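*Asks:* Quick mapping for you: the protein sequence lines, in order, are chains L and S. Under our numbering, the first residue of the first sequence carries the number 1, and numbering increases by one thereafter. Under our numbering, the first residue of the second sequence carries the number 524, and numbering increases by one thereafter.
Just so you know, these hints were derived from the structure itself, not from any lab. Just so it is clear, the structure is predicted and the values come from calculations on it, not from any experiment. It is possible that part of the hints are untrue.
[What the hints assert, rightly or not] Dumping the calculated DMTMM-like pairs for lysine to aspartate or glutamate here, alpha-carbon to alpha-carbon at most 20 Å:
1. 685(S) <-> 53(L)
2. 594(S) <-> 375(L)
3. 685(S) <-> 49(L)
4. 315(L) <-> 695(S)
5. 614(S) <-> 630(S)
6. 481(L) <-> 438(L)
7. 315(L) <-> 573(S)
8. 315(L) <-> 697(S)
9. 614(S) <-> 679(S)
10. 261(L) <-> 6(L)
11. 670(S) <-> 56(L)
12. 315(L) <-> 694(S)
13. 64(L) <-> 403(L)
14. 32(L) <-> 142(L)
15. 685(S) <-> 48(L)
16. 236(L) <-> 282(L)
17. 285(L) <-> 467(L)
18. 647(S) <-> 142(L)
19. 670(S) <-> 467(L)
20. 170(L) <-> 697(S)
21. 261(L) <-> 282(L)
22. 685(S) <-> 512(L)
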Amino acid sequence: MAAPFDLKNDGVVVIIGSGAGGGTLGNELAQKGIDVVILEAGGRYEYDDFINDEWDSFAQLAWKDMRTTSGDWRVAKDFPNLPAWIVKAVGGTTTHWAGASLRLQEHEFKTLTTYGKIEGANLLDWPVTLAELEPYYTKAEDRMGVTRTNDIPGLPGNNNFKVLKAGADKLGYKECHTGRMAINSQPRDDRNSCQQTGFCFQGCKWGAKWSTLYTEIPKGEATGHLEVRPNAMVLKINHDASGKVTGVVYADKDGKLHEQKARIVAVAGNSIESPRLLLNSESSKFPHGLANSSGQVGRNYMRHTTGSVYAIFDKPVHMYRGTTMAGIVRDEARNDTSRGFVGGYELETLSLGLPFMAAFLNPGGWGRSFTTALDHYDHMAGLWIVGEDMPRAENRVTLHASEKDAHGMPVANVHFDDHPNDIAMRNHAYRQGTAIYDAVGATRVFPTPPYPSTHNLGTNRMSEKPEDGVVDKHGQTHDIKNLFISDGSQFTTGGAENPTLTIVTLAIRQADHIAKQMAAKAI
Amino acid sequence: MVTIYEGRPGLSRRELLKRGGIGALLVIAGNAVISPENAWGLETATLRPETMATLIQLARDIYPHDQLADKFYAIAVKSHDEQAGKDAKHKELIEAGIADLDKRAGEGGYCGLGWEEERVAVLKAIEATPFFQAMRGGLVVSLYNQKELWPVFGYEGESYSKGGYISRGFDDIEWL
Numbered sequence: 001m002a003a004p005f006d007l008k009n010d011g012v013v014v015i016i017g018s019g020a021g022g023g024t025l026g027n028e029l030a031q032k033g034i035d036v037v038i039l040e041a042g043g044r045y046e047y048d049d050f051i052n053d054e055w056d057s058f059a060q061l062a063w064k065d066m067r068t069t070s071g072d073w074r075v076a077k078d079f080p081n082l083p084a085w086i087v088k089a090v091g092g093t094t095t096h097w098a099g100a101s102l103r104l105q106e107h108e109f110k111t112l113t114t115y116g117k118i119e120g121a122n123l124l125d126w127p128v129t130l131a132e133l134e135p136y137y138t139k140a141e142d143r144m145g146v147t148r149t150n151d152i153p154g155l156p157g158n159n160n161f162k163v164l165k166a167g168a169d170k171l172g173y174k175e176c177h178t179g180r181m182a183i184n185s186q187p188r189d190d191r192n193s194c195q196q197t198g199f200c201f202q203g204c205k206w207g208a209k210w211s212t213l214y215t216e217i218p219k220g221e222a223t224g225h226l227e228v229r230p231n232a233m234v235l236k237i238n239h240d241a242s243g244k245v246t247g248v249v250y251a252d253k254d255g256k257l258h259e260q261k262a263r264i265v266a267v268a269g270n271s272i273e274s275p276r277l278l279l280n281s282e283s284s285k286f287p288h289g290l291a292n293s294s295g296q297v298g299r300n301y302m303r304h305t306t307g308s309v310y311a312i313f314d315k316p317v318h319m320y321r322g323t324t325m326a327g328i329v330r331d332e333a334r335n336d337t338s339r340g341f342v343g344g345y346e347l348e349t350l351s352l353g354l355p356f357m358a359a360f361l362n363p364g365g366w367g368r369s370f371t372t373a374l375d376h377y378d379h380m381a382g383l384w385i386v387g388e389d390m391p392r393a394e395n396r397v398t399l400h401a402s403e404k405d406a407h408g409m410p411v412a413n414v415h416f417d418d419h420p421n422d423i424a425m426r427n428h429a430y431r432q433g434t435a436i437y438d439a440v441g442a443t444r445v446f447p448t449p450p451y452p453s454t455h456n457l458g459t460n461r462m463s464e465k466p467e468d469g470v471v472d473k474h475g476q477t478h479d480i481k482n483l484f485i486s487d488g489s490q491f492t493t494g495g496a497e498n499p500t501l502t503i504v505t506l507a508i509r510q511a512d513h514i515a516k517q518m519a520a521k522a523i
Numbered sequence: 524m525v526t527i528y529e530g531r532p533g534l535s536r537r538e539l540l541k542r543g544g545i546g547a548l549l550v551i552a553g554n555a556v557i558s559p560e561n562a563w564g565l566e567t568a569t570l571r572p573e574t575m576a577t578l579i580q581l582a583r584d585i586y587p588h589d590q591l592a593d594k595f596y597a598i599a600v601k602s603h604d605e606q607a608g609k610d611a612k613h614k615e616l617i618e619a620g621i622a623d624l625d626k627r628a629g630e631g632g633y634c635g636l637g638w639e640e641e642r643v644a645v646l647k648a649i650e651a652t653p654f655f656q657a658m659r660g661g662l663v664v665s666l667y668n669q670k671e672l673w674p675v676f677g678y679e680g681e682s683y684s685k686g687g688y689i690s691r692g693f694d695d696i697e698w699l
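Generate coordinates for the entire structure from the input sequences, incorporating the hints supplied.
*Replies:* This is the structure in structure tokens:
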């Protein structure tokens, strides 16, 4: 039967979310001839619809439904109802992401073994190794067209990169280049090459940056085996008496409820929405939510140790011109405890336009100290810190006791306390970022606090043993055989690398596993 | 309805000066705040025009950019008049907030304090209040999201229609 599929069709795989995980999984399964319905909470905007304007684009794409926050992280104070800057639209956060595509390092799959037990951290080794994932990483890099892989040349360096590179060279850093980016440096896969437009976060109007919106999803749709249903907000996953999931309840754009039957359900709603949905699907059989016999659903929320360093120079930079994140220093990504912390971090170029710079440079800041920084906006360079943060059991997504969304579903509360390791790493990164810019003559430097989280990870983590986590090494929940997790919430630990490439890698691998199990009638 | 209008506001400069000004720059006339030097005016519907004039000064003191004309600050705060018209609580928040500022400032009121440092000292004392937070939180968007002021900061805005920067200086830095 060809798409679109009937609500009563219980042979379909239902995927919740159309981003890096859901969009990729949907296409992979469709290519194998498996019928898939992707339910996406947001609307569908093609790349012609994207807007080169920060606030207008935010209004178009961002997930703005209310969330609450708690804990000692600064985001809870600065943006109490916006813990994350992620997307509610077809393509998910792959419309907004910057394109940095790095493999996790070998030791980052074995953090408990490598770092040992750390007080206040819930470290665990992944049940999968880098070696097992390598063939899938290779496939993902090819699919996404990652520069510096598959003989694809690197992107040219923009002004912001040139400042970073000059400083990194002076400091003696060895690995500084324009990154491994899922942004076409030359036309590829029927998509344009990068035109250095500078609005990567607002959706690439050239289609040069990989997004499931205009790669995986239309390819899947072309098979006749994939239907993407936008404006379909899933509220609950249903199950039968045996505990197998049977379908999902979603609200359409008018708030009307429907049940889509399913043979298999894969949850890929990002690390805040995915545990929210599992927790909200509690029943008499599963009183603590679906797939939560371990009690780990929603726990171990990670967001990377981040922060930015912006610097002012006595001459112009125009950092906002060109690819936002095509610049990286990788030397600090190693695990070297002599620096006073475990794990490592990447330094990547970053730029915001004037409206967002005003909102994010020093949230809550005002007066001349603040405004004289903006006065030199065109003389600024900037970088972003992406480091491994510690999973903590109490850093978690929970259902709010009283606040509900438009559909009556409890909103998510995101609790986060920085671990001392996170703070030590961030301070080290602030110092190194400052040193890079000082080396090329910065006149003033700003250690800028973390933005609302873009890398949300770990809330349905993978584990060897069912009591330690929610899913196994294929993202299959330990408790329910036909329920899968397909997004970054599977991550056992976060690594120092931007997570999208690994999410896509896991989705490609998961599709093989699902197809095999379906063929064997195991699910 | 709040309107910012360009052109001569219908009063002679001499007449405006006679009516007395707020600082030397802005003049209250009827229900409007008028900038005689720069030929624009801001009419208020709900808030007192004196309140609006103080809001404009407050906006400049929160985000002071000496290269920006008052007009940008006036545009940034004008939505408070509309909101006050729809929401009595908002009107009270603003009018009471400004009255409090004037009281703290002493005899000449907030705008009577000649030095920015003096006004900032008053603002520091109310920094945690809902009034100040509402003002600052609104301003950070309503001021910096005005496309007309972006060139003042060297920000070029939308670039897709111009073909991006691939031929327009994405890598033109020369001083390194």
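*Asks:* Broken hints, numbered, in rising order?
*Replies:* The structure conflicts with hints 5, 6, 7, 9, 18, 19 and 22, although it agrees with all the remaining ones.
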